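If you count the sequence shown from 1, position 41 lands on 40 in numbering that gives the first Met the number 0, and the numbers rise without skipping.
The hints are simulated quantities; they were obtained by calculation from the structure and are not laboratory data. Predicted model, so just to flag it, every value in this text is computed and none were measured. Glycine included, C-beta positions come from ideal geometry on N, C-alpha and C. Check each hint, because a few of them may be wrong.
What the hints assert, rightly or not - Here are the in silico distance ranges between beta carbons for each label pair: (1) A137 / S296: 26 to 36 Å; (2) M53 / V105: 40 to 50 Å; (3) S313 / E210: 34 to 44 Å; (4) S178 / K200: 18 to 28 Å; (5) D207 / K106: 50 to 60 Å; (6) R164 / Q55: 49 to 59 Å; (7) E152 / E182: 41 to 51 Å; (8) S178 / E134: 46 to 56 Å; (9) A235 / N297: 31 to 41 Å; (10) D207 / T251: 20 to 30 Å.
What the hints assert, rightly or not - In silico lysine to any residue, SDA-like type, Cα no more than 20 Å apart, as pairs: (11) K28 / D68; (12) K200 / S281; (13) K312 / L286; (14) K28 / I146; (15) K278 / K165; (16) K312 / L51; (17) K291 / R78; (18) K200 / I151; (19) K106 / Q96; (20) K165 / S281; (21) K312 / T183; (22) K106 / K291; (23) K200 / I273; (24) K99 / T183; (25) K28 / V71; (26) K28 / A63; (27) K118 / D102; (28) K200 / C140; (29) K200 / P275; (30) K99 / I151; (31) K312 / L295; (32) K291 / R267; (33) K312 / A298; (34) K165 / I151; (35) K291 / Q96; (36) K118 / I136; (37) K118 / F305; (38) K291 / F181; (39) K28 / A48; (40) K28 / I90.
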Amino acid sequence: MERSPSFTLTNKSDGCAMIMNRHRPSQMKLSQLRILVAVAEHGSFSEAALDLDMSQSAVSHAIAMLETDLGVVLFSRGRHGASPTPVGDRIIGHARQMLKLQDDIVKDANLARSLSGGKVRMAAFRSVSTHILPEVIAQFCDRFPEIDVEIIEHLDDLSIEDDIRKGRADLGFIERPVSEEFETWELMRDEYVALFPPTFKREGSRLDWNELSAYPLIMSHESNKFDPHIYEHCAASGVTLHVAYQIRSDSTIVSMVARGLGATVIPRLAAEPIPPDVKVYSLPVPLFRVIKVAVLSNALQVPAVFAFLDLLKSTTVV
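Based on the sequences and whatever the hints tell you, model everything.
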């Protein structure tokens with residue numbers, strides 16, 4: 000049986016010998032790496048020992064054993080403490096990464112134990128529940144198949160906020176600013192577009208304000224949250240909109256445009272799916288609605304909700 004090559008180096012001045020095996024695996028432990036990082040952060044063996052609730056001799060012994068195991072000097076010792084050597088500095092960086100990986104392993108294991116069941120309840124308006132949430136929920140259910148997901152649809156932000164406030168929903172998707180009792184962050188921006196019937200004729204690709212103001216418009220009912228943004232935006236450009244119809248349903252508005260009954264201005268997601276023969280234009284001055292995720296500030300969320308929020312924050316919504 001072939002043996003791994005070993006080498007003996009003899010120091011003839013003192014007669015001591017060191018045997019080195021180039022294939023011997025390292026015996027380092029995570030506890031040693033944690034001590035290594037602590038000494039580096041404090042710049043002192045004694046302060047690292049206090050932080051770790053260990054004796055200074057135990058810390059010194061752990062570093063000495065690690066240096067022996069690796070065959071390099073990790074710290075320069077002196078009256079002013081311990082300073083990492085160049086190679087020690089690089090190894091400390093690797094040690095930090097390994098300790099983070101260990102923490103991630105523990106977090107994932109703890110999360111898996113606490114996510115063996117539960118429910119995530121969310122309140123949203125139609126365009127979010129139809130065009131954004133299905134893909135996110137599919138990913139979530141693939142990771143956590145034992146967690147139930149419930150969507151409550153509403154037509155306005157006030158109803159969504161009320162669901163969160165009264166505990167009927169754990170989180171919600173809203174547009175308008177909310178009170179300080181809620182914590183929010185931006186999920187995406189949805190462009191307002193002008194839809195014209197298939198018979199609409201014009202030259203060029205850019206819409207003119209005069210074309211929009213001269214056309215009979217099919218707009219949402221006065222209770223709908225979209226229209227105030229549109230009217231204020233157009234008024235700022237000196238444009239007056241002539242509303243011929245007020246309709247509650249987004250899909251009905253789009254269908255009426257497709258039948259040639261008028262034009263509309265509507266968020267793109269609210270208009271989807273847009274019939275292929277309907278003409279779609281950006282406004283002369285672009286306008287967007289900001290869709291946000293909202294939760295109650297300082298609320299004690301269950302692990303299932305935290306997991307869903309983490310997935311939302313890591314998801315890029317187009």
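(message) Run the distance test for K28 versus A63: straight-line Cα separation, threshold 20 Å.
(response) Status holds; Cα separation ~13 Å.
(message) Tell me if the beta carbons of E152 and E182 are separated by a distance inside 41 to 51 Å.
(response) violated (22 Å)
(message) Between the alpha carbons of K200 and P275, is the straight-line distance 20 Å or under?
(response) holds (16 Å)
(message) Need the status of pair K278, K165: alpha-carbon distance at most 20 Å?
(response) Given pair K278, K165 is violated - Cα atoms ~43 Å apart, limit 20 Å.
(request) Sort out whether Q96 lies within 20 Å of K291, counting only the CA atoms. (result) Violated. K291 to Q96 sits at ~33 Å, over the 20 Å cutoff.
(message) Next pair to validate is K28 with I146; report whether the Cα-Cα distance is within 20 Å.
(response) violated (37 Å)
(message) Given the hinted pair K291 and F181, is their Cα-Cα distance within 20 Å?
(response) Cα-Cα ~11 Å, so holds.
(request) Take a quick look at whether K99 and T183 sit within 20 Å of each other, Cα to Cα. (result) Violated, because 28 Å separates the two Cα atoms, which is more than 20 Å.
(request) For the pair we were handed, K99 and I151, check the Cα-Cα distance against 20 Å. (result) violated (38 Å)
(request) Below or equal to 20 Å on CA atoms is what counts here, so check K200 against I273. (result) holds (18 Å)
(message) Hint check: K312 vs L286, CA-CA at most 20 Å. Holds or violated?
(response) violated (24 Å)
(request) With a cut-off of 20 Å on the C-alpha distance, tell me whether K200 and I151 pass. (result) Cα-Cα ~41 Å, so violated.
Hints 2, 4, 7, 8, 13, 14, 15, 16, 17, 18, 20, 22, 24, 27, 28, 30, 35, counting from the list given before, are not met by this structure.
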